[in-house]
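Engineer: Turn these sequences into a full structure, and let the hints guide you.
These protein sequences, in sequence, are chains A and B. If you use our numbering, the first sequence corresponds to residues 1 to 367, in order. If you use our numbering, the second sequence corresponds to residues 1 to 291, in order.
Derived by calculation from the structure, the hints in this document are not laboratory data. A few of these clues could be false.
[Unchecked claim] Chain B regions said to be covered by chain A (calculated; three or more residues, Cβ under 8 Å):
hint : stretch
1    : 182 to 190
2    : 195 to 201
3    : 206 to 215
Ideal placement from N, C-alpha and C gives every residue a C-beta, glycine not left out.
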Amino acid sequence: MHKGYAIELANVVKRFGEVAAVDHVTLQIHDGEFFSLLGPSGCGKTTTLRMIAGFEYPSGGELMIHGRPMATVPPHHRPVNTVFQSYALFPHMTVAQNVAFGLKMKRVPKAELGARVQAALDMVRLAGFAERYPRQMSGGQQQRVALARALVNQPEVLLLDEPLGALDQKLRKEMQLELKSLQHRVGITFIFVTHDQEEALTMSDRIAVMNQGKVLQVGTPTEIYERPTCKFVADFIGETNFIEGKVVEQGDEYATIQTPDGLQLRGYTPLPVNVGEAATLSLRPEKARLILPIHARPDDAFTMPVHVEMITYIGSDTRITVRLNEGRTLDVWEQNTLSTLDRNAYWQPGEAAVLVCPPANALVLTE
Amino acid sequence: MALSSFEREQQRHEQRRLMALLAPGMFWLLVFFLVPLLVILVYSFLTNGPRGNLLWQPTLQNYVDLFTQASYVNAYVRSLWISGLTTLFALLLGYPLALFIVKQPPRVRLVLLILVLIPFWTNFLVRIYAWQIILANNGLINATLAALGLPTLFLLNTEGATLLGLVYGEVPFMVLPIYAALDRFDFTLMEAGADLGASKWRAFWHIMLPMTMPGVAAGAVLVFIPTIGQFVVSELLGGAKVDYIGNLIQRLFLRSNPPNWPLGSAMSTVMMIVLLGFILLYFRSTTEEDR
Chain A
1 MHKGYAIELA
11 NVVKRFGEVA
21 AVDHVTLQIH
31 DGEFFSLLGP
41 SGCGKTTTLR
51 MIAGFEYPSG
61 GELMIHGRPM
71 ATVPPHHRPV
81 NTVFQSYALF
91 PHMTVAQNVA
101 FGLKMKRVPK
111 AELGARVQAA
121 LDMVRLAGFA
131 ERYPRQMSGG
141 QQQRVALARA
151 LVNQPEVLLL
161 DEPLGALDQK
171 LRKEMQLELK
181 SLQHRVGITF
191 IFVTHDQEEA
201 LTMSDRIAVM
211 NQGKVLQVGT
221 PTEIYERPTC
231 KFVADFIGET
241 NFIEGKVVEQ
251 GDEYATIQTP
261 DGLQLRGYTP
271 LPVNVGEAAT
281 LSLRPEKARL
291 ILPIHARPDD
301 AFTMPVHVEM
311 ITYIGSDTRI
321 TVRLNEGRTL
331 DVWEQNTLST
341 LDRNAYWQPG
351 EAAVLVCPPA
361 NALVLTE
Chain B
1 MALSSFEREQ
11 QRHEQRRLMA
21 LLAPGMFWLL
31 VFFLVPLLVI
41 LVYSFLTNGP
51 RGNLLWQPTL
61 QNYVDLFTQA
71 SYVNAYVRSL
81 WISGLTTLFA
91 LLLGYPLALF
101 IVKQPPRVRL
111 VLLILVLIPF
121 WTNFLVRIYA
131 WQIILANNGL
141 INATLAALGL
151 PTLFLLNTEG
161 ATLLGLVYGE
171 VPFMVLPIYA
181 ALDRFDFTLM
191 EAGADLGASK
201 WRAFWHIMLP
211 MTMPGVAAGA
221 VLVFIPTIGQ
231 FVVSELLGGA
241 KVDYIGNLIQ
251 RLFLRSNPPN
261 WPLGSAMSTV
271 MMIVLLGFIL
281 LYFRSTTEED
291 R
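Structural biologist: See below:
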């Protein structure tokens, strides 16, 4: 029986020369979890994955798989398997031989081997492709062979290094859902590396957002999107407006900041803040609302008089850029809930408006 | 689809241009390669005169001699054997060396490749004489052994010395094609192998070696073929104690009194046919790779 976490990293460091590619990363990944490492390229997410696979050894800290220290265990003795970004299928072997490779290395008896290879190919819906060579298959099919080749070994943890990166948009969406349902069926812990925030939000139980070798925040997709704890996460996941200022009032969960030109704005504080501290208000464009000045009421929580500057109609939404009186611009997205060609139903450039945002929809961040 | 007259004119023009590119090389091969080859083939069916002069009497006697006289058959077997050994040792030395070079950063690679090629800047014969100096009874190795108070060795004029000289000369021809194959090899596949439970050795055996086989085969052909006809190394380092096919041919054409060109030609022809067999085998193996 396994105890504790599927994967545990404690203060793991990886240096290449002077550069710390992974800088004191601490993570606990639960059994059966779909866990994503999300960040821009060069953030250390792939290096972290390679250390779990055993292709790189940590310069410091501790890495455990189901409680067993992995510091000196070579990759071929680790209970994990990897789906590579390039798939890394063996081109000189058929699909069946590729899938059988891991079992052959473990000297699984022939009869059992054949049955398991067949089951793995069935699982990824490639039953009829056993005798093909990888080069005779499409990118999406090769991707599924790579999955079968890894899963047939029944690893304790499956590592996926940007496996959807090479696929086109439509196939990518399909594979996202397929991967997720596959993970539910096999019940194996998946660690998924990606730079695509939408992909991570769609598929993950939890996400670790990384930048410059550090883990900035770990949480469910909702937590990461709705309650980012720092500017980087707020900016990297989805889109947002930032307004710089200074904390002037601070309560239990909410704080008010004041911009250099005297505008006072209130928002939720995911982390405690202190009065006088420099802070940034993060306001997602879909969480603000534009109303006509005549509809504004004095008890609206936080309002800003603005002028509509630019309107972009993108079908489901209308994206409106508004200019504040002191000069800065903000983005506001309105869902097009009405179906009409009437121009009066939409905002017009130059129109005066009031931007409304309840404090619960905005965040005050200090990092 | 019918082609317009303009298109047909264009095609004819293009064909003429290609023929023009082909002509000089074709001419060269015909005159300087195919004609001598035919001369040898014709000679091999002629009779040798008493003073080494050619008699225009067609005969198969040369071929009969070749396959019935033990000394000739032995020379063939010995040549095949030492060429095989040379190829094997060149492979055992060349593959690790090629792998080492590929694993270096680009700048170092270039330097190492140049180092592999540097011996070619000196004449092969001169380099073999240098080996004589190293291996001689009072040569570099034995002088060192003597200075250390150790018993000296009989190195020069042995079959071992022949093998050493051949391997020495042929290793670069093995390294270069294997290097080219390894350069194209995706080393992520070795990680995939390790990930799937293969030790370094098993990953090499099941993944890297089969995938670089075309390089190994090309290297083997490049080493095996010149080695089978060689006569310089076995004469200068082996002391001409035993005959290889190259030595026999050279003697029949140049040294024996009277010379026997028809028999020498027959020997060359048989050697070429054997080599042709190996080359066909090689092409079969590479085309199967591509299928």
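Engineer: If a hint holds in the structure, say so; if it does not, say that too.
Structural biologist: Each hint, compared with the structure:
1. Remark: the stretch 182 to 190 of chain B is confirmed as covered by chain A, as 3 of its residues place a Cβ nearer than 8 Å to a Cβ of that chain, reaching the required three.
2. Beta-carbon proximity to chain A at under 8 Å applies to 5 residues in the stretch 195 to 201 of chain B; the threshold of 3 is reached and the given coverage holds.
3. Check on the stretch 206 to 215 of chain B: 4 of its residues sit with their Cβ under 8 Å from a Cβ of chain A, so the three-residue criterion for coverage holds.
In the structure shown, no violation is registered for any of the earlier numbered hints.
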